[in-house]
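**Q** The residues making up each chain are set out below.
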Amino acid sequence: DAKTTQPPSMDCAEGRAANLPCNHSTISGNEYVYWYRQIHSQGPQYIIHGLKNNETNEMASLIITEDRKSSTLILPHATLRDTAVYYCIVRVDSGGSNYKLTFGKGTLLTVNP
Amino acid sequence: EAQVTQNPRYLITVTGKKLTVTCSQNMNHEYMSWYRQDPGLGLRQIYYSMNVEVTDKGDVPEGYKVSRKEKRNFPLILESPSPNQTSLYFCASRKAGGPRYTQYFGPGTRLTVL
Chain P
5 DAKTTQPPSM
15 DCAEGRAANL
25 PCNHSTISGN
35 EYVYWYRQIH
45 SQGPQYIIHG
55 LKNNETNEMA
65 SLIITEDRKS
75 STLILPHATL
85 RDTAVYYCIV
95 RVDSGGSNYK
105 LTFGKGTLLT
115 VNP
Chain X
1403 EAQVTQNPRY
1413 LITVTGKKLT
1423 VTCSQNMNHE
1433 YMSWYRQDPG
1443 LGLRQIYYSM
1453 NVEVTDKGDV
1463 PEGYKVSRKE
1473 KRNFPLILES
1483 PSPNQTSLYF
1493 CASRKAGGPR
1503 YTQYFGPGTR
1513 LTVL
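Chains as they are written, first to last, in our numbering: chain P, 5 to 117; chain X, 1403 to 1516.
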């Protein structure tokens, strides 16, 4: 699975958009980009994933660059409850495999009032 | 409500006293897994199961056992706990069959072995 690089921490004002970057320059063609978050010692929570097209759901948007070497998770209107560690994970996924997720250090997003 | 449940949520025990942490999911998922999370080390996979009666070791299986007799349950067993197994444990489940299915994590079990 390709390695990812994220900034260790970011701040965001409540109500503003939070843009969390992730570099995955060694990503291969069949690897997906996943984003999870973990709110202080709770179980990790799935946010969104994508392969090459931009994706949006009720929680966030995922923008993947055309060369797929980086992506950005966007929380459109951050709230205090969005304060968490955000993990960007890149992995191949095929039927029959161990669906292990490898979490790196992630980005601690702090949403300030 | 779709969820993964773990029990107990908190446990303090002593070295050598056998314990079991239960994990149950109500989503009919084939795949289940156990992770431990330690400061500076991220989440590390202990064991996983692709379906009933099918289990395999993850990255850090030493000192742990699992079983998968029913699809919904995947208990983690520590036969003789030691202080280095003090950690935060997460169970996860997922439907098999491709990347559009995501993993759901339980709330965690904080274990302290004295």
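Where hints are given, some of them may not hold.
DSS-like mimics (lysine-lysine), calculated; alpha carbons at most 25 Å apart, straight line [as the list claims (entries may be wrong)]:
hint, chain 1, residue 1, chain 2, residue 2
1, P, K104, X, K1419
2, X, K1497, P, K104
3, P, K104, X, K1471
Honestly, the hints are just simulated from the structure, not real lab data.
**Q** Work down the list of hints and note, for each, if the structure agrees.
**A** Hint by hint, here is what the structure shows:
no.: 1; hint: P/K104 / X/K1419; result: violated, 29 Å
no.: 2; hint: X/K1497 / P/K104; result: holds, 13 Å
no.: 3; hint: P/K104 / X/K1471; result: holds, 21 Å
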